[in-house]
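Colleague: Single-letter residue listing:
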Amino acid sequence: MSAGRLWAVAAKEIHYILRDPRSLAVALLLPLVLLILYGYAINFDVKQIRLALYDPDRTAASRDLVEALTRTGYFRVVHVLARPGEAERVLQRRSAQAALILPARFESDLAAGRPTAVQTLVDGGDSLTASIALSYLDAMIQDWQARRLQQTLPRGRALAPIEPQVRIWYNEDLSSTNFIIPGLLVVILMMLAALLTSQTIVREREQGTIEGLVVSPVTAGELMAGKLIPYVVIAWADVALITGAGRLLFHVPLRGAPALFLGLTFVYLLAALGAGLLISVVTQSQQVAYLIALIATLLPTMLLTGFVFPLTSMPRVLQVVVQLHPATHFMVIVRALMLKGAGWSVLWPRALALTAISAALVGGSIARFRKTL
Amino acid sequence: MSPRLGHLIRKELLQLRRDRRMLFALIFAPIFQLFIFGYAVTLDIKHIRMVVCDLARTADSRELVNSFARSGYFDLAAWVDSPSQMGRPIESGRALIGLYVPHDFSKRLARDETAQIQVILDGTDMNSAGVAGGYTAALIAQYSGRRQSASPTGGGPAAAGMGMPVLQGIENRPRILYNPELRSVNYMVPGVICMILGTVMTAMTAMAIVREREAGTLEQLIVTPIRPWELMLGKTLPFAAIGLLDVVVIIIVARAWFQVPMAGSGPLLLVLAIAFLLTTLGLGLFISTVSRTQQQAMLTAFFVLMPSVILSGFMFPIENMPRAVQWITYAIPLRYFVEIVRGIFLRGAGISVLWPQAAALVGLGGTIFALSALRFQKRLG
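Protein chains in written order, with the working numbering: chain L, 1 to 373; chain W, 374 to 754.
Isolated chain W, as found in the complex (with noise of 0.2 Å):
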């Protein structure tokens, strides 16, 4: 290595140094991210808040609101004693869901006729609108299953002494492969690693070159015996340190503290966080060659991540997106990181598996890297 890109390397460290605030942030940025996403995100829907309006008050229906508020999904927020007063709580947000139960309910019951029920959902947020409204159909379901088999002409063995049809359920055995439990965390994690890496990696860097731009000292440097490569790579190896150094802290504090389990190889991931970086680090070089201020690069660099960010796949899937735009998250690098980290923490995929991306990676990381430096050799020389 040529000892003036050493000696440049080390100024940049010193200057890091000097800014401890800088450097706090840089680590500590991912793991708040880490614990955001760890205890505040979760995408399973509980505690659903209830308004109920039980006109019938018989054992029936207080059987029902209850084997709702057991369920664990819903919390019944509030009672009213006429349906014209559930329209409040709903409209305020206190309650996301109505149920109004009439007061022929036992009665029609008792008589085998059917008995109807108002369900109202609040359709503001459709997500938790669609799980309260399946909650509630199974739980209805249920109720309407346990009463069956306990009233003597419902189903079950003594219908079948009367020569009607056995309710025989069809045993479904489901099977979760790779997150069992389904948290919520050990799909996110993966994802923050990408965010870290992909945005503020690139913005730091940009940052960091225009900063001297701005200052007046890259042209101190320009005049000097450096040659462009070796400043090129003196201000973006840096940053590939820290990130790399990011994403150890992040793995370990994932594993150590949130339990997520890394089913496949480390080494692998860092390997190909490698292969990420040439693209963001790229990306941070080429932004840096278009920005005159500081401001101007940040400003731009959001610009470039936040779409790629909403199209790489890491909160929303590629596949419910329009083709046209499908076709479009095949140039971002983000989109092959996100399947490989996912990969390789969730499903112990090698490489054997995620060569696809690994390889559209170092071909974009590439490309953006070579095309960013001779922009950047073009503008300094």
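Chain L with its partners taken away, still in its complex shape (with noise of 0.2 Å):
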């Protein structure tokens, strides 16, 4: 390999991004954008839902039980329904996410320890927080009345005779930027996988300036290798950028070695950038390199790779194929290295996958680009 041709493609794709600097800024600020997207405006928690009521009784007992939900913030009376039949169209217009119908002798048929029952009503549309309104309706429920019936047992007896004692580990307020930081830099480097070394082949093939390449001495190693070099560089500035700033304004730590962090970041990189490469290399249009780099690479690693959904409730079929897309394994690898302080002992199964996937990636680039016309 040569490193006069090697560096004069390099010198060829800098000039061709430093000519489009639009390009090099989307590329350096959209991670900021999306860092602070979501480490300001997402957020996890489902909080404050809204509630409609219906209170026939409108006892000490119905309002204290109100006054628990709401005492909490989990929940907020936005609604006071006239009817119990009034309830469906108030979710219907979204005016409310869920409804407690309490029944009208609720507080007197308590204190006579006869059955009594409430409704609750969830607006099942948004599935998100319909299962978590549910279950905490449910759960605080049975709370309030567990601790209704704790007043009346005589002293000294206790009602749960189980008590766990629960510890959080790694990242202890549920901070849910310590969780999505980590997932982001995953994100934002398979991104610029998509928009720029997807285009990074195919844009000379559409041009035809490729004929140029193949008549040259350039070898495809030489080629690929070249090409990647600039975005290498453009990479490792968003990585900086991302740790920086998770850093600085969110506090996200980095436990785990430092070393080990750099040389995982790497192999990934080359994944990343080789996957785009990959797909740079077999298509023939820009437009097409685009969606496919779409589908295959950042929409996979947005929703499949664990990033915000759990990989564990997947169908089993899908998580044993996901196994084969690099995110998959640098997911796991950087939140184990920045929140769990985790070293090599514990992550060179992944990291050998990671490694493989890598090479297999740009390896698979360099075989495919054929030099003929």
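Where hints are given, some of them may not hold.
What the hints assert, rightly or not - These stretches of chain L come out as covered by chain W in the derived footprint (C-beta under 8 Å, 3 or more residues):
{"no.": "1", "stretch": "28-40"}
{"no.": "2", "stretch": "175-189"}
{"no.": "3", "stretch": "275-288"}
Derived from the structure by calculation, the hints contain no laboratory data.
Source: prediction; values computed, not measured.
The C-beta atom is built at its ideal place from N, Cα and C for all residues, glycine as well.
With the hints as a guide, bring both chains together as one complex.
Modeller: This is the structure in structure tokens:
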């Protein structure tokens, strides 16, 4: 491999990038924008669920139950229903997300020990909030009732014989930024593949300049390596941006060894950029390359690799297939390195898989690029 | 319709037919997304891997641990012999939650004392951690309740005879409207429609127009008698048609394969989709006027669309966002279309409920398209 030819390819690519400052700006700014959006705007916690209330009893007990629900901040009474039948319309109009319908003789039934029933209604159209709203309502009602009973029991008699002590590791405040920002690193690097390297070869094919490359002494290996170098630099800039901003703005820690982090990030970088490169080699038009890159790299990374949705909830078959995707492994690695302080002894299987995939993708691009017309 | 516009549309369709892969990708992409959302993406958290350290090893402790396994929420992934060994599976990610039962568990229960157990949660994924914590609390409460009613000093009919209060429960009857089994696919499929129309169409339109500018054929078109408005329509109408075709395909696949019910009116959805297409195609048009190369067009489109997808309320509820951000989302057309599609699919909402969103779409769409058209004409003429 000739260093001179490699550098010539890289220099040409750098010239191309610099002549299009807007693309460079997007590659560097978009990660920041996403970081700020995910860091400040997105909130996974479900709070202040809008509740419609029907309370025909209006006694101390019914008011106490409602107060218990709203005091925690999880629910907020936004609508008082005049009739239980109104609840459905209110939910359809989305004025409220859930409804609580209390029975007429709530307090007297409770006091007399007669069975009583409440009805909770949830808007299933938003299944994220719905399942949480349901379980909160259920848990809080049972909890309220248990505490009322506790007050009537003789002293010293524990109502619950088992007391669980819960400890939370690695992310004690359950902060969503600690969870999301390492994942964002994985997503953004893959995004660069989808946007940048997926275009680099196919663009030359569309413009006709690929013929010039083919007849030159440049080998396929030199071409791929030369093309990759500028994007590796851009990708590293993004890594620095995200981890730096993550640390400064959101206090996301890096508890593992920095050297391990840098090394594995580099391997993943090659995998992500290599994936884009491979797509670029096998497609004929930039539009198709873009579409395929979106579908094959970015979308799976955001949805299937454990970024937001847990892997274990997916069908078994898919869980196995997604192990072929480099982002799956790096997602685990980066979270373990940043939050758990995990070391090589724990991470080596994943690191090995990632390296293999990385080599396959870059090697595949080189192999597939046939120096023919 | 002017004959020139007709010719232009024919040319576009011919070009599309030649590029089989593009056509395939444009029709296949939404179906692929649908399958991903339908099978892979789920908001239910199950099969949470658990590591157990049971030092008591009595019938009681085994019953407790088994109740976790039986619930279907937890998978017992590892058993260890000492609490210090629990750390490793959690650190490596083999387990999300650890359960430690101390050796005096049964003895304390027998003496009617509170038995303490320890639960360790991997807080990295705070969603799963929160849900796992909730399930754990519920299972422990149920276990306690079973012991309570079984024991002679607990609540229940025997207790009533002894003058103790009866643990008569409040029965909670939950009802879920509109998506009774809380199937994620029902919730996500409308989202796929929005994604395809909102993102792919914009980028493809912008790239298609810029492609002609790059190739130099746009200049050739300008020197023909074609008027700017005909050129604009000729470029955007084919994509509008493909977009609507995509919507129909998605609806068919969603209903036939995934059994996603559609409570509302299909024709209303198509009509409002056209309104939404005004905004996306208008945006594509605008991006094409500010881009010189296809790569620029694609990157600019991505830069504009990715934040709007995140803020549209498709995956993250808008109400959880800070006030300032919520104000910004009023300017994002995708936000209204997500509400429309979800309303029609899941709640059977009609125009009487959705007219504010429809009006917003028409208003925004008209403005964006008009401004883009003006800019397009100026650059051509």
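Colleague: The structure should be examined with respect to each hint, and the outcome stated for every one.
Modeller: Taking the hints in turn, this is what the structure says about them:
{"no.": "1", "hint": "28-40", "in the structure": "holds (count 7)"}
{"no.": "2", "hint": "175-189", "in the structure": "holds (count 4)"}
{"no.": "3", "hint": "275-288", "in the structure": "holds (count 6)"}
Violated hints for the displayed structure: none, as all numbered hints are satisfied.
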